[in-house]
Every structure is written in C-alpha cells, then in structure tokens.
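S.K.: The lines below spell out each chain.
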Amino acid sequence: MTTETEESVWGGGNEPLGASYGKLMMWFFIVSDSLTFSGFLVSYGFARFKFIEIWPIADEVFTHVPFFHGNYPMYYVAFMTFVLIMSSVTMVLAVDAGHKLKQAKVVFFMFLTIIGGAIFVGSQAWEWATFIKGDYGALETKGGRILQFVDAETGQRAALADFSEALPEERVRHQANVGLWYEREGSGTTFSLNEVVEGFKANPNILIRTETLNEEGEKILLNRSESLDKIREATQVVEGANLIHNEYGHPMFADFFFFITGFHGFHVFTGVMINIIIFFNAILGTYQRRGHYEMVEKVGLYWHFVDLVWVFVFTFFYLV
Amino acid sequence: MAHDQNLAIFRGRIKFSSNVSKIWGVLILLTIVTTVEVALGIIKPRALTHSYFLGMKVLNWIFIILTLVKAYYIAWDFMHLRDEKASLRRAIVWTPVFLIAYLIFILLFEADYVYNTLSEGFVAWDF
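Sequences listed follow chains V and S, in order.
The first sequence finishes on residue 320 if you use my numbering, and the numbering steps up by one all the way, no holes.
The second sequence finishes on residue 447 if you use my numbering, and the numbering steps up by one all the way, no holes.
Bound-form chain S, shown alone:
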C-alpha cells in the first residue's frame, strides 16, 4: 500500500517534504478558506451583495467557488484522488458532476417558473 504520493499542491507551486506536512498544509489552506467565508458571511460587503453576475449575487458566487475549492482539496489530498490513476479519478469526479449540474439546471429553472406563476397568478398566496 506504500505507493508514491504526490507531495505538491497548487499545480506544484507549493511542495512538501513529507505526506504529513502536506496534510497540515492542506489544513491551513482549508481553515483560511473557511475563515474568509464566515467573515464575508458576517460582514456581507455591500459591493458584493449589490452586484450580480449571471443573475446571482457576486457574494454567493464567491461562496460557491470557495466551496468547490475546499471540496477539491478534501477530495484530492484527504481522499488521495491526486494519487489515483487518472481513469479512476475521472470516473469518480465527472459522473456526479455531470448529473448534479443537470439536476441543478433543471430544478432551479422549474422553481423559478413556479415562483413566477404563483406571484403573477390571480390566486393570493400571502393572506
């Protein structure tokens, strides 16, 4: 089981001397990202909550992107996907990513349609 481990993150920009020090490095990275998320969630900077990109607040885009960054490092370094064969890694990652992206697209569009129907219809829902 003692296969070689890839001891670099950030596309090789940060290198670690051992697997243990790499784990602590990833922990520091995840902690920083979580702290930034919580700080933004509490402060809610006006510049980010009042600007929109593709119909969503920039702040929410930041939250989602930071979440994906965290998910990437958990999967790649904690779950050792970085050290698996590319075929296994792709099978594990792209299957759910494709299905979930489709699910998100179809359900959120439907929900928006339902919202518009309820708000523009002749029936009062808030009475």
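Just chain V, same shape as in the assembly:
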C-alpha cells in the first residue's frame, strides 16, 4: 500500500456504505425513532394484555365519517391510511423527478405531498375532536369501570339523552373562591347521575352493557334485573374521553390513543413543515443550481418513515 492511497482512505470522502453523510444521518434518526415508536406500541400492548378481558373494541369506538351520519367502522381511518400512502407516492415521484433534474415536476409533486399531509393532519384533528366529544355517554362505577346502555328492542346502543329524565334539580357550580384555591370544577355533564339513574329505572327496555368481553369477543350484556343491580354502583356520568375518564372503556385506551396518534400526528406536522421548506427551495432553484436533489431524497426518507409508522399504528390500534 502506498502513501497516496492511505491518504485517500483517511483523508475523508469515503462512502463505504454507498450513501452520503446526510442520508446516513437520516437513517440513524429513522432507526432510533422507530425504536421510540415501537416502545409506545409495545407499551400499548402491555396495557392491553394486562386488561385483556375489558379492553375496548376499536371498531365500536371509531365509527364516524365526516358529513355522514350512521355507523361506519374503520372507513375513515382506511381513507386516512390511503391519503398517507398516496402522499408517499407523490413524494417518491418528486424524488424520481429530482434524479432527472426536472425542477417543475419536483415542485408539482412536492406540492401534492404537502396537500396530502395537510389532509391527514386535518383528519387526525377531526378524529380527536370526535373522540373527545363522545358518542353515547356512559356511567362510571366506583372501581373505574364503564357501564354503557343498550336498547333491548333494537339491540343498538342507547345514548344518555334517549332515556334520561330531566329532573327539577339545581346544581351549584363549585367556585374556587368558596373553597380551597386548588379545587375547581370543569363543565358538568349534560345529565346528572341522578337523572340518568331515574331515567334508567323508568325505561324497562334499557339494559346495561359491561366492559367485560365474553368468549365471542363481544361485550357482556346484563339482563334487566342484573342491570338494576349494577346501576347502583355508578358514581358519575362520563361523556366523551379525556386522560382520566373515557366513556368507551378503560382510560388507558384513551391515554394511548392520545399519546400514540398524537406523537405520530406531530411527526406528520413536522414532516409537512420540512416539506414546505424543501418545496420553496425547489421553487427557488436551490437544488437545480446545486446539481442534485439529494435534499428531496432525505426529506422523502423521513416522509416515508411517517407513513411506515402509520401502517403499524393502524394495525395495532384499529385492526388487531
């Protein structure tokens, strides 16, 4: 080995993996970020296995499609998945146009990618809003279990408004200035516990559905006398979901929903922001002058990774 080759080996500029520094660093980030996401998804699995017999059924939670009334399980999430895959495709097309140094095409496909990402983030926000607002409403027992209501005649879920009785009762809202400064009360529920319980007693065709799953993987429905017995354990009304109470079932389900889809949504949001920067750089001709569009390729890797993560979130949160 001569001195000359040693200098070229140690002098830098080698690419033993056939990828540039920037691309390798993007792969480092993607590998570590994939471990973060798998940590979240596996801890979701932990919570689910721990509460395996009472875990909510995702099909019954995510049943809404914007502008349509009725029960459409999974349709909207499938649409969101398709939007994200589609925006991945436009991203690859932008990268491909970049290889051929076609500036106008890169700009066009980057624009479509940004639109796709924006539609996805908007859908995610709508999904959150629907989840937080709630559907039918439920009661929570002292032990934190959720009691939902079913109409015995139709077999459909019954909303609290369907059977609750409006009682002439008045509720004084707790103000911080009449008690301890750290105790405050948020907005109340539409019906008080007493109104729901009285309405339930007056409507003999309303039954209680517990969180427990039977052998068929369906929630166990109590008969009328069991229901009348069970409702005495209720301590509060729950409408919608937050980090502490969740009308769809175990609060951990809502916690993981907010955390995992939120973290993913944040990735999509940052991806859109980075795409916008690259989009403007492409318009300005920065990469055309540089002679290569590797930056589009690197950002593309991140964007595809966001799509890749969603594929797993979709499976483990909505399907399995």
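If you are wondering where the hints come from, they were derived from the structure by calculation, not from laboratory data.
Pairs of lysine-lysine residues, derived as DSSO-like cross-links and limited to a Cα-Cα distance of at most 30 Å, are as follows:
{"no.": "1", "chain 1": "V", "residue 1": "105", "chain 2": "S", "residue 2": "335"}
{"no.": "2", "chain 1": "S", "residue 1": "364", "chain 2": "V", "residue 2": "133"}
{"no.": "3", "chain 1": "V", "residue 1": "100", "chain 2": "S", "residue 2": "405"}
{"no.": "4", "chain 1": "S", "residue 1": "364", "chain 2": "V", "residue 2": "50"}
{"no.": "5", "chain 1": "V", "residue 1": "102", "chain 2": "S", "residue 2": "405"}
{"no.": "6", "chain 1": "V", "residue 1": "142", "chain 2": "V", "residue 2": "50"}
{"no.": "7", "chain 1": "V", "residue 1": "23", "chain 2": "V", "residue 2": "105"}
{"no.": "8", "chain 1": "S", "residue 1": "405", "chain 2": "S", "residue 2": "335"}
{"no.": "9", "chain 1": "V", "residue 1": "105", "chain 2": "S", "residue 2": "405"}
{"no.": "10", "chain 1": "V", "residue 1": "102", "chain 2": "S", "residue 2": "335"}
{"no.": "11", "chain 1": "V", "residue 1": "50", "chain 2": "S", "residue 2": "377"}
{"no.": "12", "chain 1": "V", "residue 1": "219", "chain 2": "S", "residue 2": "364"}
{"no.": "13", "chain 1": "V", "residue 1": "133", "chain 2": "V", "residue 2": "201"}
{"no.": "14", "chain 1": "V", "residue 1": "100", "chain 2": "V", "residue 2": "23"}
{"no.": "15", "chain 1": "V", "residue 1": "230", "chain 2": "V", "residue 2": "201"}
{"no.": "16", "chain 1": "V", "residue 1": "50", "chain 2": "V", "residue 2": "230"}
{"no.": "17", "chain 1": "V", "residue 1": "219", "chain 2": "V", "residue 2": "142"}
{"no.": "18", "chain 1": "V", "residue 1": "219", "chain 2": "S", "residue 2": "377"}
{"no.": "19", "chain 1": "S", "residue 1": "405", "chain 2": "V", "residue 2": "23"}
{"no.": "20", "chain 1": "V", "residue 1": "23", "chain 2": "S", "residue 2": "335"}
{"no.": "21", "chain 1": "V", "residue 1": "100", "chain 2": "S", "residue 2": "335"}
Computed footprint of chain V on chain S; a stretch qualifies when at least three of its residues, placed anywhere within it, have a C-beta under 8 Å from a C-beta of chain V:
{"no.": "22", "stretch": "332 to 343"}
{"no.": "23", "stretch": "378 to 385"}
{"no.": "24", "stretch": "388 to 397"}
{"no.": "25", "stretch": "406 to 415"}
{"no.": "26", "stretch": "419 to 425"}
{"no.": "27", "stretch": "429 to 443"}
Idealized CB from N, CA, C, for every residue including glycine.
Let chain V serve as the given structure and place chain S on it in line with the hints.
M.R.: Showing chain S alone in chain V's frame:
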C-alpha cells in the same frame, strides 16, 4: 445521484419499464393489501376469529403479516432500500428488528403475568 434502480418486485416476477411505473405498481399493491385488511376488519370472518395459532387469533396473524408486507414494500421501494448496498440495508433493518422482537417478547410476557396475578389474586379489581 442517478444510480441504477432495481425495477422488479416479487423477487423479479413483476418487472417494470421505468421507476415511475414501478411506484404506481407498488401503490396498487399497497392499496389492495389495505383494502383486504379493512374488509377483514369489518367482516371478521368467524373461521378466522375462532381459530388460534400460537395463542393468537388467526385473523390477528393475518393483520400482522399483511402489515409487515406493507412495511417491506414501503421500505424497499419508497425508501429505496432495494437499491442500497446490502451492508447498509442489513444494518438498518436487523438492528431494530432484533431489539423490537426482544421488547415485544419481554413486555407481553410480563403483561400476561400481571393479568394472571390480578385475576387470580384475592383483591377485586372490578368493583
């Protein structure tokens, strides 16, 4: 940056004339797989939800395998791993696969143990 691209999927069984047509081919494949997943998720065929393999429902096995198929095509064709050197590809794929497999194994076993402890213990958790 204009390196040669591998224009075949399915171990070379489907060949494409250009990179653009390959991208559309992969999109069609991913769309079909997603449609099958959603259809199975809505129908939930009894034959698949009542048969078990290694302690898990066959339907869930199908979902997970189809997900890995989708992940493979996203990584290989969208992220161009098919065109990278084998050493880079292996470093990227096997490092997380090994760590995640270990994490799944250890946490799900632990969770199952916790579930059994709670359900067989003397303390009531559902009151």
